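Asker: Below are the chains, spelled out letter by letter.
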Amino acid sequence: MNYLNPQYSLLLDPFSLFFLFVIFLISLPSAVYAVGYMKNEYTAKKITYGWFLFAAFVFSMAAVVTTANAFVFLVFWEIMSLVSYFLVVFDTGKKQSVNAGALYIIMTHIGTAFIIAAFILMYKHSGSFEFSAIKNAAALMTSSEKNLIFAFLLIGFGTKAGVVPLHLWLPYAHPQAPSHISSVMSGVMIKIAIYGLVRFVFFVLGVNSLWWGNIVLLIAAISCLVGVIYALMEHDIKKLLAYHSVENIGIILFGVGAAMVFIKLNMPVLAVLALSAGLYHLINHAVFKSLLFLCAGSVYKATGLRDMEKMGGLIKFMPWTAAFFLFGALAISAIPPFNGFVSEWLVFQSFFAGALNCPTAGARIMMGIYASVLALTGGLAAACFVKAFGITFLAMPRSKNAQEAKEAPFSMKISMAFLAILTLVLGLAAPFILKIISNIAVTATGPNQTGIWPPVFSLKEFTTLPSSNGLIGISPVLILLMLVVTVGITVALVYVFARKRKVSTGLTWDCGYYKLDSRTEYTATAFSKPFRIAFSFFLKPYTKTEKIKESQYHIKSFRYELYNTYVFKKYFYKLGLEITLRAARYLKRLQAGSIHLYIAYIFLAILVLMFFYGK
Amino acid sequence: MKLFNAALQLSVLIIIAPLLSGIIRKIKNNLRLRVGPGIFQPYYNIAKLFSKDEVISVNSSCIFRIAPYVVLSSSVAALALVPAFMPQISFWAAGDFLAVIFLLALGRFFLALAGLDTGSSFGGMGSSREMFISSFVEPAAILAIFAVSVAGGTTNMASLSLVSFVRPSAIVAAVAFFIVLLAETSRLPIDNQETHLELTMIHEAMVLEYSGPSLALIDMAAHIKQILFMTIAVNAVLPPAVSNVLLPFAPLSGFAFYCLKILIVGTCVALLEVSIAKMRLFRSVDFLLFGFLLSAITFIIAILGF
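Protein chains in written order, with the working numbering: chain A, 1 to 615; chain B, 1 to 306.
Next comes chain B alone, as it looks inside the complex (with noise of 0.2 Å):
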């Protein structure tokens, strides 16, 4: 049963995961009084680049071949040991939120050794951004979560999904992890998906080489990254413990509950998307200094017990 209740939420989330960014890049467009591609438009382009031809560089060896479904099954794994509707999972006896993160380090080792692969400057540049950014998003990530940990005792997600109340130093913990959020899901202002300016992209840049299936998987693995940091952001604030406690007929309300509260973190994405510019490089430090900042004094606030 366990089991059972693993592997459904999982492949719920593998699901709906390219729905999300369709939905944001939706909300984006009609914002900008664009009408854009519809909802499904994510669902589409994979199955577009399964049906196309591939092509690989000559001067890539396995790595390039085997980095794309690294990173798959690695934010696959992550999104395993994260609680998001379901009560009671198997798999997260498996790992705590410091597994989840170096699980994602997993994809990234590879997928910045896949941007050096093929020997082209883009790939570098990308990579060396790709592994710049992260180096200074990762200790903000783990003190914020170490805040919220700090309430249940353990760091292990299942158990502070138990967590059932809500708490200010949560509150504080889930604005540092949603700047976590933009630089880990290439956002503005750190990256743009939108855009193939040489000077300005990372996370294209890192994958500039890839065609046909294998891009297909590094785009899919991109939506679970994205689906994986929004869910860790509201169950911070709000576990799904609350949701169980609050809604009758868990877990159908629960997930619910649960979509409502990622629209709601997606369009709080779209509209900062909209609304401001991409930083400089140099700049984008500053900006993870700051949510670095604001997880160390939401570590200090959990600290002292609120």
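Pulled out of the complex, with its shape left as it was, chain A reads as follows (with noise of 0.2 Å):
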């Protein structure tokens, strides 16, 4: 291959169209949000700056998703997680930024080491980059082979992805960006990392192993509740946001973990269902935690926080972006008929499919345990928007910030108001767009060992998704009309029987204290206190006291401090740079600064070169 003449084929099937869309779908409402929100906020130079990388931004990973060349795609890959890390260091003035963005570059470039090391193995065999002759050498290839390409793909992507326990950089880094580029950052960048690993695992290398399936469901079942359960103890908005792009990206992989070994047991139509479960989980990810990222940059503007215990009461001051956050929160807490629900419902389905349907108990039973964590995720899900709307939005404000807040401008509330309307599109529309993801997926998982394609889904009644079995399943319309009708009897109901109480306003019961105030509220670390206590055996949480005198004799006021330990962190992570840096201070005595070691080692070096030159 001339390296300075590619091949730009174009890759354009449904998959990649899928992708394209969702880049597109999330970018358009995010860069009109970025006219509001950049406004006052940057000077005019930083603001150009900034519309210079949101492009290059969305245009690489639209390239990365078209390109039917894995050296392009490398090349593009690269390029995004580049711009990312500019974005992600936008405020240069604040040091978190910076340290964010070292810790973001460090993981990317680990991650595509092991991508570019995969390609390299698969080229090996194949002598070409094009995925049509990579495909054709992936029959060539041995098990074993295989078997490292696929650990390699993992990690690679899994890092991008944020997957645990590679997501260390994902809470820093994605919180860190402006709020739009948070929004994009995870609502497609990380998908695009799901994009490859089914890219390269289903339509080039084809599921070799069933291990394979059973080690992405593992992963995806770590990530929601390590993802979950971070997200709860957190009380920066944006961070708890991006603790939970960690714990959905675990439930997108659920589908294709799943969609993975149903493959493999040669259960094709269990395989399109799984996998179009995640591809739709993917979109509806995409779509509220968009929104919720776009309401949080709002917020931030308007007070100046991203810290929960000092917000409060929003909801008076910014009606509009209050709703818009309920709607993404009703929506990621899986509750019908948004969109979220729908998507879990997918992937609880196909569990229960294949608890049904696989041929080994041991299978059916996992598929059972999965199912039981993604309920727990949900409720633990739940939970925490509980706490993020109620802290942030509801009951009086935290502090003088909040009091001030006013509304987001047109062009923020008019982005804030598309995605989420498409948060209940998206819902009650789902069997239309089950259908079409359905087709897509069937692409993906191709047809069965004999040879024969999977039907796709066809529907009977446009209202109803099918069950896994062909039983007529849920009907998010049917499900929304009977809570209409639900509230409209019960208003008309008391209307007709108490149209004659008063309605007036009191204070809050306070026991008789009179002075009930935003300090006597319940916080965010109440909130989530019970969840700390229940999950300490994960959390290990502890605390500092610190007593602040006056004098000697007396002390003035304490400081109490709590804090959980990163078990990843501090076990995975720490023990990992320890070495590199103990390797690093030993290795260091062969550049000790004396020019007589140097000529030396020269003069070494041309020995031992004469020496295998002269054999």
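Don't read these hints as lab results, they were simulated from the structure. Treat the numbers as computed from the prediction; the structure is a model and nothing was measured. Fair warning: there could be bad hints in the mix.
Derived lysine to aspartate or glutamate pairs resembling EDC-like cross-links, with alpha carbons at most 16 Å apart [as the list claims (entries may be wrong)]: (1) A:Lys502 - B:Asp53; (2) A:Lys400 - A:Glu309; (3) A:Lys502 - B:Glu54; (4) A:Lys500 - B:Asp53.
From chain A, some residues computed to sit far from chain B (all C-beta separations above 12 Å) [what the hints assert, rightly or not]: (5) Phe21; (6) Phe558; (7) Gly614.
Just so you know, even glycine gets a beta-carbon here, dropped at the ideal spot from N, CA and C.
Taking the hints as your guide, dock the two standalone chains into a single complex.
Answerer: So this is what it looks like as structure tokens:
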């Protein structure tokens, strides 16, 4: 291959187009939002720079998903990583941004290194970087080579997707970028990693062994639980959302992993169902997570705060932002009839179908366990968003900044409104959308082992989703209808029977204390305390108490701080860092600064070369 | 006809829901050698609340005002998806039991927000605990009904109600589901409906600021939720199809049989409530984990084909 003149063959199959659609679906409202968001926040020069980076970012992502050449893929992948690094450190004045950026660029390059290694292994067989050539060569690869390539791809793309334990950078990098970038990073960029994984595993390599799917499912389960538990502990609203991205990537990988298992067990219909569930959740997560990040951004712009403990009562000052955030919160908590419910329901159905139909009892029981992990995740996510919405938007403001908040400008509201409506549309129009998505998923799973293509979902009634075994499943439209009708009847009944009652306002009951203010409100820390205690085996919380003394004899006040131990950081990354540093300290003796030593090295090198050449 | 059946079953269940609470309370009182209020007291309470004025906290927002309506409608919508005694109901196409669980989550979400909305520590405490308990209850509930679904081959409640035989796994599932029921209907040992003690209340703490018709709606939603969970529990063991096969004059005899089943579960709840004390919040996690393990065992039994 001529590296100076690579073949820019485009790949525009349904699978690529799906991702292209997701990229532009999220980038468009984010761009409109950026108009209002960057105004007054940055200088004119900086805004121009920001637009350039934004355009480059969107373009590189679009290029990654539409190339048919692994080399070109890699080039745009790297551009995407670099541009997103510059976006993470966009607020260069802040030390946190620079640190988060450094962590991000190191982690993302470790991931890229693994992807390059996987590509080189594939190139070794195919002699070409074209996907089609690699696919043909994949038939000749040995099983162990395929396993190695898969492991490299999983680590490489997993780092970008932010799966546990490679998630470390995500909760630092995503929140540090400006909010419209956080929205695109969390909403779209981590999905590009899913694209890479599915593209290379399903389309190019082909699922080789059963453990591939099983390990993806296991990673998904761990990501779900760890992501949501850390999110519950988090009080920085953007960081909380970033941890939820880890959780939701887990849910998407549930679908992908289950599809891999089903392919290997020769159950193509279920594979299509599971992959559709994963892809459906992918687009849903893109929509509601961007929405939530945009809302968090508009709160940040209005108050200058990211710490939820200092907010409160914002629903009175920013009713639109609050309403949009509520839509997003309901969607991410999988509450009907919003979109998150539909895709989580589909993932549940995939697991249930697996529990019914898998050939081995072990696989069937595992499917049930994963379903309950998903249920636990859903419950915890709902609790987390009750906290996020309740503490941020309800009750009394906890700081002066929160008291003086103003509603977001029109350009920000319109883009949030667009995404908020989409959460409902993607939920209610589920049968149509599922049909499209299952048509895409079927191209990925391919025909079964005897070469017969599985049927895509055909729908008799357009309001209902098919259940895994062909019976009628759920109808989001009908659920909404039932809710609306019941609310209508209730309102009428209350009007008829309780028309004459008076509604007056009074103080919240205060046990005769008369001094309820924002300091006596329930806080986010207090709200998450039961969870902190229940998961203390994992979180290992510890406290620091400090006495602030006026003089030697008199203590003026106490300072009390609460921390969680981040086990992956402490036991996994710290260890790796220490080993690296120790090795570096050892190796630095080679380069002691003595010119004599260096001349000796050169001399030795020549000797060695001569020796080999003479041979 | 189908729509009529659905409306009939739904309205009958909604009407008898408070009665069930009244009966359970009466049994409890009699077991404690008290006379207690009559079994129709819950109706009187609701009627009384409807005639009362309402006081709303100055701190609260529209969330506080709309929450009772959302809570009630989510319970009613969930109840519409559950087969009880009528055969062939059109609403069942709208959702399976996962939809039931998530619809109840909708109501809970808004009630927890309403608890936080007034700025009172009681409300916040109640919301926090409610979400805490429910996040452990949901997996147990889903796994238990998954186990029952394995025999029917579908998660759709209507098809489940056509499975007309008794399975060992269904009996264990019903026990697991009974634990879920205790937690979801704020019963002992998780919560206590009869107390307003600050440190122990969960559901009552969340709704502390409500008064008048709004409180009536929330109470009604709680009654409906209770009958909903009891219906699922009894129909897991003895599906309505059993009663339709065994007894003549369906659906009237089916209704009588259903009432009998519900009363038995109600009596069990009452017996349990008078004989045990409330658990500490963090002990109840152990109790719920026991429920979860029981569901997991049920699931394994069901997978193995029993």
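Asker: Which earlier hints turn out false for this structure, listed by number in ascending order?
Answerer: No numbers; nothing is violated.
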